[in-house]
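**Student:** The residues making up each chain are set out below.
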Amino acid sequence: MLGPGLACSFAPAMFRPTSEWKRFHAWLTNGAPQPPQLAEETPEAVEAHAARIEAGFGALTQELSDYRPDALVLLASDNGRVFTGVQVPQFATFLGDELWGSTRYQELDEEPEDDIVRLAGAPDLAAFVQRELVRRGFDMSYSKQLRPLGQPEYGAAPAFVCPARVLAPGLRVPVVPVFVNARVSPMPSGRRCYALGQALAEILDERSERVAILACGGLSHDHHHERAGWIDEPFDRWLLDTFSRGKGRSLEGIFDLESDALRGGGAEARLWTIVAGACEAVGRRARIVDYIPSYHAATGLGFAIWSEASA
Amino acid sequence: MPVGLGLASSHAPVVAAPLDQWEGLYKRFTARVPQPPTALLETEEVRQSHFDRIQNAFGSLRARIDAYRPELFIIIGGDQSEMFDTSNVPNLMLYVGEEAWADVPGEQGDGVERLRVRVDAHTSKWLLDKLVKEADFDVAISTEQEHLGPRGRGLPHAFFRPIPLILSDREMPCVLLYENTYDPPSLSAQRCYELGAALAELLKDDPRRIAIYGSGGLSHDPGGPRSGWIDRPLDQWFLSRLAEGDGQATKVMYTFDSMTMRGGTGEMRAWITVAGAMEAMGSRATVVDYVPSHHAVTGLGWAYWETT
Chain X
1 MLGPGLACSF APAMFRPTSE WKRFHAWLTN GAPQPPQLAE ETPEAVEAHA ARIEAGFGAL
61 TQELSDYRPD ALVLLASDNG RVFTGVQVPQ FATFLGDELW GSTRYQELDE EPEDDIVRLA
121 GAPDLAAFVQ RELVRRGFDM SYSKQLRPLG QPEYGAAPAF VCPARVLAPG LRVPVVPVFV
181 NARVSPMPSG RRCYALGQAL AEILDERSER VAILACGGLS HDHHHERAGW IDEPFDRWLL
241 DTFSRGKGRS LEGIFDLESD ALRGGGAEAR LWTIVAGACE AVGRRARIVD YIPSYHAATG
301 LGFAIWSEAS A
Chain B
1 MPVGLGLASS HAPVVAAPLD QWEGLYKRFT ARVPQPPTAL LETEEVRQSH FDRIQNAFGS
61 LRARIDAYRP ELFIIIGGDQ SEMFDTSNVP NLMLYVGEEA WADVPGEQGD GVERLRVRVD
121 AHTSKWLLDK LVKEADFDVA ISTEQEHLGP RGRGLPHAFF RPIPLILSDR EMPCVLLYEN
181 TYDPPSLSAQ RCYELGAALA ELLKDDPRRI AIYGSGGLSH DPGGPRSGWI DRPLDQWFLS
241 RLAEGDGQAT KVMYTFDSMT MRGGTGEMRA WITVAGAMEA MGSRATVVDY VPSHHAVTGL
301 GWAYWETT
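First to last, the protein sequences are chains X and B. When the letters of the first sequence are read in order and numbered with the numbering used here, they come out as residues 1 to 311. When the letters of the second sequence are read in order and numbered with the numbering used here, they come out as residues 1 to 308.
Don't take each hint at face value.
Claimed, not checked - Between beta-carbon pairs, the in silico distance windows are:
id	chain 1	residue 1	chain 2	residue 2	range
1	B	Glu146	X	Glu258	28 to 36 Å
2	B	Leu40	X	Glu206	45 to 53 Å
3	B	Pro164	X	Met1	50 to 58 Å
Hints listed in this document are in silico derivations from the structure and should not be mistaken for laboratory results. In this text the structure is predicted, and so the values were computed from the model without any measurement. Note that the Cβ used here is the ideal one computed from N, Cα and C, for glycine as well.
Please take these sequences and the hints and turn them into a complete structure.
**Tutor:** Okay, structure coming up:
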């Protein structure tokens, strides 16, 4: 059965102490001209952001622990660690026994083995989800073993392993990881993502397990690119407002046009769209836990919960 | 000219092997499987006639291609642990590099020859964009060729085996479209048909002469529990539907599980995609030949679709 839907942003700073934020900011923005808001964010404001991030994760963690899920469907985009030019899937289900990944960054010369997160897979449920999605006309790729071609020693992207550890302490909840291409053009349309969410809701409804869905990615950012450091607040607020009104379908067409707004973190709104598609299929709307346009994190940080209770 | 010529054929090992290797191939694929009584009827004479019919059938496809002179050639084929290992198995993938290759064993099993395929990267990329962003097909993206599968030597046999048999012009610009025909769970037949229709629609205003070819099938399960057996009723029903322009009927394929639907029979998906494309162009198949050859461990078929 379909439990709560959860979504949170992904930025490296969210999982590191504020003392490390400067280093990450420098890496993510790489000399790009910065917006005035950055200088206006005082150290106190940064500390306040860190506290709100913790509270945001706290709210999601509470929702999960209240629900006591048997499994967690984990939606995120690869960042080039696993998939290279050899082959980038649009949607891929991980069917293996364990997904592992390092929370450290090769680009910053951090050692992978300093912190490896291992998530138990849910191969039976994953195989069922895969089979049913394909039967419904989703041309899903699958992966039975993790073979990271981009950064072999670092495993799955941080967006898969970092939030899972924070939200499911002890990692006793097995995961069904689904890779969603929000990085390499062409990427799936909003229609496709919304429909994938709807299909997931239908498929999970058949199962006796209690299954929650978590998307990790976005909100607006342009890490490593021209607009790195800038945050498209109107876009983020529109997204969150749209999800809170149960109008996720409004994202069906937006990716049909080309825009800087829809690159980087904007492209990752696809992940949230999938959760909205699933939860709106059972009549739920998002409760926005918080939105923090954090210029030191170089990312619009959002947290949302589609509770069972809102049905 | 939009897509004006469709073609499909089997690609079993025997189609590219001299007759004196057939017995060895047959034994290799059927070693542990009791064979149907009709296999005994395949005397040397019969095998010779099958061999001749295979050459004639490929000759017929080649002649259609030479007469049509395509400027773009779309090849649809699958994989069997050659290009892909289990870390990343696509249901659909387009290769958008400039050239593809395969190291093909020599005819007598001696040495290796590199087969090179010229890829129309521009059109491939264009199709990838359209299929993903507008037509709702979740096509994986490959910009670099690297085989990860344990049996890999470049392009899978679905591509390298038929190419020399049908393409006289080895400089032909190609589009290489992978369709998962072997690894469950695989595409529904309906999806495969719709993919063909989508390709025809996308290319309908293209000024070039375009041909589309599907590689694989018909019923077979080499090395499987019924290896060497052939589901003739299925093959004949399938070919009749295509000849009647009723590829829609083949959408029922793979909607149920059975020994006959597993294994290589899954490759008939490539034919269904060609049918989807060509029926969208108002064409129906001409079946060139059907040879249910136990020694080929495959129901061997050839067909083409022309437009007026």
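**Student:** Evaluate each hint against the coordinates.
**Tutor:** Verification of the supplied hints:
At about 30 Å, the beta-carbon gap between Glu146 (chain B) and Glu258 (chain X) stays in the expected band of 28 to 36 Å. In this structure the supplied range 45 to 53 Å holds for Leu40 (chain B) paired with Glu206 (chain X), their Cβ-Cβ distance being about 48 Å. Distance hint check: the CB atoms of Pro164 (chain B) and Met1 (chain X) are about 54 Å apart, consistent with the given range 50 to 58 Å.
In the structure shown, no violation is registered for any of the earlier numbered hints.
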